[in-house]
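Chains A and B, in that order, are what the protein sequence lines are.
At position 17 of the first sequence the residue is numbered 17 (UniProt numbering), and the sequence of numbers has no breaks.
At position 24 of the second sequence the residue is numbered 24 (UniProt numbering), and the sequence of numbers has no breaks.
For the record, the hints were derived by calculation from the structure and aren't laboratory data.
Be a bit skeptical, because a hint or two may be false.
A pair counts as met if it fits within one copy or between any two copies, since identical chains are not told apart.
[Stated by the list, open to error] In silico lysine to any residue, SDA-like type, Cα no more than 20 Å apart, as pairs:
| # | residue 1 | residue 2 |
| --- | --- | --- |
| 1 | 61 | 4 |
| 2 | 23 | 3 |
| 3 | 23 | 6 |
| 4 | 18 | 40 |
| 5 | 18 | 68 |
| 6 | 23 | 49 |
| 7 | 23 | 58 |
Because the structure is a prediction, the values reported are computed rather than measured.
2 protein chains.
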Amino acid sequence: MGNEQHDILLQFGDSLRKIRTQKRLSQTQLAFETDLTREYINRLENGKVNISLINISIIAKVLDIHISQLLPQNK
Amino acid sequence: MGNEQHDILLQFGDSLRKIRTQKRLSQTQLAFETDLTREYINRLENGKVNISLINISIIAKVLDIHISQLLPQNK
Chain A
1 MGNEQHDILL
11 QFGDSLRKIR
21 TQKRLSQTQL
31 AFETDLTREY
41 INRLENGKVN
51 ISLINISIIA
61 KVLDIHISQL
71 LPQNK
Chain B
1 MGNEQHDILL
11 QFGDSLRKIR
21 TQKRLSQTQL
31 AFETDLTREY
41 INRLENGKVN
51 ISLINISIIA
61 KVLDIHISQL
71 LPQNK
């Protein structure tokens, strides 16, 4: 995986952690609400998972945000 | 896969086909530029692939657009 691609996963993870904490949800609560595992949420937030579009949409729905809010803002 | 999730893949596919054709790129050309297969691009455009974030970013970069332009606009 190239640096640029790894950066995208890290940026996604940072956005997820920021929004999750803004919404005062723990990783465990988000895992429960999304039916994903806490370990998966934790690996996501540390840029270790090349997440799929469906999982992005599940997480965005639970956080009540638009998918694009989880994505890197610059092109 | 639920309907809602299938819809997201279909919407992604529609957005990809629309932008690709606006940019006057064939599936074969997009496949060559992204180093993905034409068959994969075709299955994507028909909502049959739960694409990963890295592949979304590779495609967006080649199309010279922001990732969010490939994503469903409504929440």
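Check: Given identical chains, is residue 18 near residue 40, meaning Cα to Cα at most 20 Å, within a copy, between copies, both, or neither?
Finding: within (16 Å within a copy, 33 Å between copies)
Margin query: Within a copy, between copies, both or neither: which one fits residue 18 and residue 68 at a CA-CA cutoff of 20 Å?
Written below: both (14 Å within a copy, 19 Å between copies)
Note to self: At most 20 Å between CA atoms: does that hold for residue 23 and residue 3 within a copy, between copies, both, or neither?
What the structure shows: Neither. Shortest intra-copy (30 Å) and inter-copy (27 Å) distances fail the 20 Å Cα cut-off.
Check: Taking 20 Å as the upper bound on the Cα-Cα distance, should residue 61 and residue 4 be classified as within, between, both, or neither?
Finding: Between. Shortest inter-copy distance 11 Å satisfies the 20 Å Cα cut-off; intra-copy 27 Å does not.
Notebook entry, point to check: How would you classify residue 23 and residue 49 at a CA-CA limit of 20 Å: within, between, both, or neither?
Noted result: Classified as neither: same-chain Cα gap 22 Å, cross-chain 31 Å, threshold 20 Å.
Next item on the list: Classify it for me, residue 23 with residue 58: is the Cα-Cα distance of at most 20 Å met within a copy, between copies, both or neither?
Entry: Answer is within: at 16 Å inside a copy they meet the 20 Å cutoff, but 30 Å across does not.
Margin query: For residue 23 and residue 6, with the copy left unspecified, which applies at a CA distance of at most 20 Å: within, between, both, or neither?
Written below: neither (26 Å within a copy, 27 Å between copies)
Of the numbered hints given earlier, the model fails hints 2, 3, 6; all others are met.
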